[in-house]
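J.: Given next are the chains, with one letter for each unit.
There are 2 protein chains.
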Amino acid sequence: MDNIEQIEKDFKELLSELEVYREAITLTQWDMRTKIPKNGVEQRSEVVGFLSEKVHQLETSEKMKYFIDLLKDSTQDEIVRKTVKECEEIYERNRKIPNDEFKEYVMLQSKSESIWQEARETDNFSLFQPYLEELVSYNQKFASYWGYEDNIYDALLHNYEPGVTTAMLDKVFPEVRKSLSSLLNKINQSSNKPDPTVLVGHFPKKDQEDFTIKILEQMGYDFSSGRLDETVHPFAIALNMNDVRITTRYDEKDFRTAVFGTIHEGGHALYEQNISKKLVNTPLATGTSMGIHESQSLFWENFVGRNKAFWDSNYELFQSYAPKHFQQLPLGEFYRAVNEVKPSLIRIEADELTYSLHIMIRYELEKALINDEISVSDLPHLWNEKMEDYLGIKPPTDREGVLQDIHWSGGDFGYFPSYALGYMYAAQFHNTMKTKLNVDDLIRNNQFDQIRNWLTENIHQYGKMKKPLEIIEDVTKEKLNPDYLVNYLTNKYSKIYNL
Amino acid sequence: MDNIEQIEKDFKELLSELEVYREAITLTQWDMRTKIPKNGVEQRSEVVGFLSEKVHQLETSEKMKYFIDLLKDSTQDEIVRKTVKECEEIYERNRKIPNDEFKEYVMLQSKSESIWQEARETDNFSLFQPYLEELVSYNQKFASYWGYEDNIYDALLHNYEPGVTTAMLDKVFPEVRKSLSSLLNKINQSSNKPDPTVLVGHFPKKDQEDFTIKILEQMGYDFSSGRLDETVHPFAIALNMNDVRITTRYDEKDFRTAVFGTIHEGGHALYEQNISKKLVNTPLATGTSMGIHESQSLFWENFVGRNKAFWDSNYELFQSYAPKHFQQLPLGEFYRAVNEVKPSLIRIEADELTYSLHIMIRYELEKALINDEISVSDLPHLWNEKMEDYLGIKPPTDREGVLQDIHWSGGDFGYFPSYALGYMYAAQFHNTMKTKLNVDDLIRNNQFDQIRNWLTENIHQYGKMKKPLEIIEDVTKEKLNPDYLVNYLTNKYSKIYNL
Chain L
0 MDNIEQIEKD FKELLSELEV YREAITLTQW DMRTKIPKNG VEQRSEVVGF
50 LSEKVHQLET SEKMKYFIDL LKDSTQDEIV RKTVKECEEI YERNRKIPND
100 EFKEYVMLQS KSESIWQEAR ETDNFSLFQP YLEELVSYNQ KFASYWGYED
150 NIYDALLHNY EPGVTTAMLD KVFPEVRKSL SSLLNKINQS SNKPDPTVLV
200 GHFPKKDQED FTIKILEQMG YDFSSGRLDE TVHPFAIALN MNDVRITTRY
250 DEKDFRTAVF GTIHEGGHAL YEQNISKKLV NTPLATGTSM GIHESQSLFW
300 ENFVGRNKAF WDSNYELFQS YAPKHFQQLP LGEFYRAVNE VKPSLIRIEA
350 DELTYSLHIM IRYELEKALI NDEISVSDLP HLWNEKMEDY LGIKPPTDRE
400 GVLQDIHWSG GDFGYFPSYA LGYMYAAQFH NTMKTKLNVD DLIRNNQFDQ
450 IRNWLTENIH QYGKMKKPLE IIEDVTKEKL NPDYLVNYLT NKYSKIYNL
Chain P
0 MDNIEQIEKD FKELLSELEV YREAITLTQW DMRTKIPKNG VEQRSEVVGF
50 LSEKVHQLET SEKMKYFIDL LKDSTQDEIV RKTVKECEEI YERNRKIPND
100 EFKEYVMLQS KSESIWQEAR ETDNFSLFQP YLEELVSYNQ KFASYWGYED
150 NIYDALLHNY EPGVTTAMLD KVFPEVRKSL SSLLNKINQS SNKPDPTVLV
200 GHFPKKDQED FTIKILEQMG YDFSSGRLDE TVHPFAIALN MNDVRITTRY
250 DEKDFRTAVF GTIHEGGHAL YEQNISKKLV NTPLATGTSM GIHESQSLFW
300 ENFVGRNKAF WDSNYELFQS YAPKHFQQLP LGEFYRAVNE VKPSLIRIEA
350 DELTYSLHIM IRYELEKALI NDEISVSDLP HLWNEKMEDY LGIKPPTDRE
400 GVLQDIHWSG GDFGYFPSYA LGYMYAAQFH NTMKTKLNVD DLIRNNQFDQ
450 IRNWLTENIH QYGKMKKPLE IIEDVTKEKL NPDYLVNYLT NKYSKIYNL
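Going down the list, the protein sequences come from chains L and P.
Numbers 0 to 498, taken from numbering that gives the first Met the number 0, label the letters of the first sequence in order.
Numbers 0 to 498, taken from numbering that gives the first Met the number 0, label the letters of the second sequence in order.
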């Protein structure tokens, strides 16, 4: 029998093969979302399908099982041990789903996405309804294959935020909701509202691009290991830690889309660029969960980019790219305007405060769906009711309501909570960081190196070596605590709105 | 045993798999040449290497051999028959090279290319010499494995221009050279030379881009099945017939680089975009040879783009994008200036007439190298001697001499002749086309559809269904005849230079 080093070497070769396929798939997806000509899409979908099948085959192969069994209890190497554990979990979860059902589901996903697009464009929920019903039922089936202790929805949450349970969310979300609603009420009644019309103007795309590139460079986004492109729906994507790409959207009437969007995607990218090189060519070389990822993007977007200190140092630079009337606009008014709170219909356009309320609506609905407490046909009116209840506004169409987000059309149930968790994580990290660093002073002086290094040292470097809640506790020395988010928002908006 | 339809179906599945890998590799290469950040290159090279190995394995697999043997004499389907033949040739040629030697050679290639780059940058041929010696020796070895009838160089020519032999080139090239030299002499002595300084000016990149896109659209390049990007070294690349991408370079001091370069790459792209859909997912769905490919790019670049008729209709459009002083420049002077003949050191900057002379120098040298008639260390001074002999100028450095082209550093011996063959093919096609269509009238009226359709009908659609010389004879009803090129150039330049 081979010795352990030889087996580890062979195992690493299998992992490298997997990473090659993953990089090819990721490049293919990046290209499909940024550059591909219309007629190239059909054949390209076959490429993605074929390569994804290869990954799936390798992940669930006998060869993989052989390495898992041999190395699980015998390796001395911490990285190998955690890699084996990760591979084992993927192996077990994927093996539990019968091949036929998996293939049917993949086909359903890709069909549902295009049906959803049509349904949204034509504002016709009933077109999407049968597909969504099937997607829910597959997710229920898969959840039962995977198993769960308490709530069936836990099995789905696990895909995006392992360790987080429905019970935890049911405790935390209502608390946060209550505080945010009360804060929102006060804000709505404030007689001292910022004036967002001062931000109106024409911002040529090129100027926005030049400015956002300067900001990305300040943040420490490494353009030798990444690039910035333009897309309708901005995203960050890691081919590997040396090639982490972001995209943004330029609205020539509103600079906020590109400026805050780019900082947000830049935050995701910093996470992937700063994972330890030791994890290269393992499945650990990526962000540990959707929630921790979102904590990084939101940290940069809001705790840095929407911070007064950030504009203390960058407003002059911004003015040099902005229309002339910004020369006359005092920083204070500018800062208050970019932090306006206003309930709105579309999640991705929501402000810092109401964003989490949007998420809670989706969480409550999908949890009830998966638990068979409501049916898909109830969704449109339940959505609208909750919007009125939580945000005080009612979508005039399903297009601006239940049909707005892509997630469910891809069968991604259990994903939405990560967005709100990410916010809470970010606030909790921010609080700990402030005990170690003069965060606002550093921001005010554009000394982002210390901030980025802190995040790298405490979060980025580990990739998937640590689970999300493990990171929270290691870094902040306590469990998930939503008070930090509530306190942060209360302090911030009390000042802005003179509450 | 399966029936023949089932076997053909299984064979097609294997071919689809190959095409998936090829598309992934091609996308990866496109990305590496256009978009990849610097630090992404290293890991990406592993992706290319791994996927290329997969292709090589499939091409030389027992499974492939099984299909070849079963289908070779039994299929009734013309496309399947030619596909099997193509697969058999790839199988046979690749199987003749021992696996070890193939791997060593691939590593040598990639190392040599970076050494060549360094050697060129530092003008240091001796750095590159040992690598080139090894590359020559591998190519001699491979040529002997593949076999040849007359001259060892034939075995290499076959990789790029199957059917063309050293004997043919040794007959044709000297004839052409003699005629071109005599024409060049007359041009050098002409007292009626065009004035290229009239073309000088500042051409903002955006204007050049807008103009060249308009020209591409006129040519019928389909942007729904392609895209245009910017690179230092322009190229055309087909991911499949529905995704054929081109790149160009913008020189803000000289519009000719982008305008004629884009038309050239557009010509390559039209070939790939217009291959019959019946050939999709087979190895026949690409241009049949380097020479026929070059005939298409040169046809559009020179026979269309440098034609007086083209500027009769497009000069006004050009003027609307060009600096103001072009409003005062008469079309006649403009046309003569873009057709200036002037011996120069760098092949890719050569004019229409002297270009082929550059090719002949490379051909004679590499043929002698492969035949062991000269040694690698002789190259620099032999190169310079020939430059003086054929073009009347001597490179002051090896950088502008023997080190200028990338081909040899990749082991591509036998490639260069395709460039000159492409010219001759283009002229021969052009002559036949003129017997069917009023080519210049069509060009003058920007009615490129008929021209493009003629090329598609006679050349593009077949992909690799026809061999290069088969196409020449089918279309022009005669064998390769260099007189058409000589006559075309003589007529054209006699008018421009008043000879």
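Since the hints were made in silico from the structure, they are not lab data.
The reader is advised that the hints may include incorrect statements.
Put simply, identical chains are the same to the list, so a pair is met inside one copy or across any two.
As the list claims (entries may be wrong) - Here are the simulated DMTMM-like pairs of lysine to aspartate or glutamate, each with C-alpha atoms no more than 20 Å apart in a straight line: (1) 307 x 440; (2) 34 x 169; (3) 385 x 77; (4) 102 x 12; (5) 276 x 41; (6) 34 x 229; (7) 62 x 472; (8) 204 x 387; (9) 62 x 371; (10) 102 x 216; (11) 205 x 228; (12) 276 x 45; (13) 53 x 9; (14) 53 x 85; (15) 205 x 174; (16) 204 x 228; (17) 34 x 228; (18) 494 x 372; (19) 53 x 472; (20) 192 x 350; (21) 102 x 16; (22) 465 x 87; (23) 277 x 41; (24) 81 x 377.
J.: Pop the pair residue 34 and residue 229 into one bin, within, between, both or neither, using alpha-carbon distances up to 20 Å.
T.: both (10 Å within a copy, 13 Å between copies)
J.: I want to check one pair: residue 204 and residue 387. Are their C-alpha atoms no more than 20 Å apart within a copy, between two copies, both, or neither?
T.: The answer is neither: 36 Å in one copy and 52 Å across copies each exceed 20 Å.
J.: Is the C-alpha distance from residue 385 to residue 77 at most 20 Å within one copy, between copies, in both cases, or in neither?
T.: neither (47 Å within a copy, 64 Å between copies)
J.: Checking an output row: residue 81 and residue 377, CA cutoff 20 Å. Within, between, both or neither?
T.: Result: close neither inside a copy nor across copies, 43 Å intra and 58 Å inter.
J.: For residue 102 vs residue 216, is the C-alpha pair at or below 20 Å within one copy, between two copies, both, or neither?
T.: This pair counts as neither: shortest intra-copy Cα distance 43 Å, inter-copy 41 Å.
J.: With identical chains, the pair residue 192 and residue 350 could be close in the same copy or across copies; at 20 Å between alpha carbons, which is it: within, between, both, or neither?
T.: within (14 Å within a copy, 69 Å between copies)
J.: Classify it for me, residue 53 with residue 85: is the Cα-Cα distance of at most 20 Å met within a copy, between copies, both or neither?
T.: Intra 18 Å, inter 27 Å, cutoff 20 Å: intra-copy only.
J.: Between the shortest in-copy and the shortest cross-copy C-alpha distance, which are at most 20 Å for residue 62 and residue 371: within, between, both, or neither?
T.: The answer is neither: 39 Å in one copy and 50 Å across copies each exceed 20 Å.
J.: Pop the pair residue 205 and residue 174 into one bin, within, between, both or neither, using alpha-carbon distances up to 20 Å.
T.: Neither. Shortest intra-copy (44 Å) and inter-copy (55 Å) distances fail the 20 Å Cα cut-off.
J.: Go through the copies and call it for residue 53 and residue 472: within, between, both or neither, with a Cα cutoff of 20 Å.
T.: For residue 53 and residue 472, the Cα distance exceeds 20 Å both inside one copy (37 Å) and across copies (45 Å).
J.: Please sort residue 34 with residue 169 into within, between, both or neither, judging by C-alpha distance up to 20 Å.
T.: neither (42 Å within a copy, 45 Å between copies)
J.: For residue 53 and residue 9, with the copy left unspecified, which applies at a CA distance of at most 20 Å: within, between, both, or neither?
T.: both (18 Å within a copy, 18 Å between copies)
The structure fails hints 2, 3, 7, 8, 9, 10, 15, 18, 19 and 24 (numbered hints given earlier, in ascending order).
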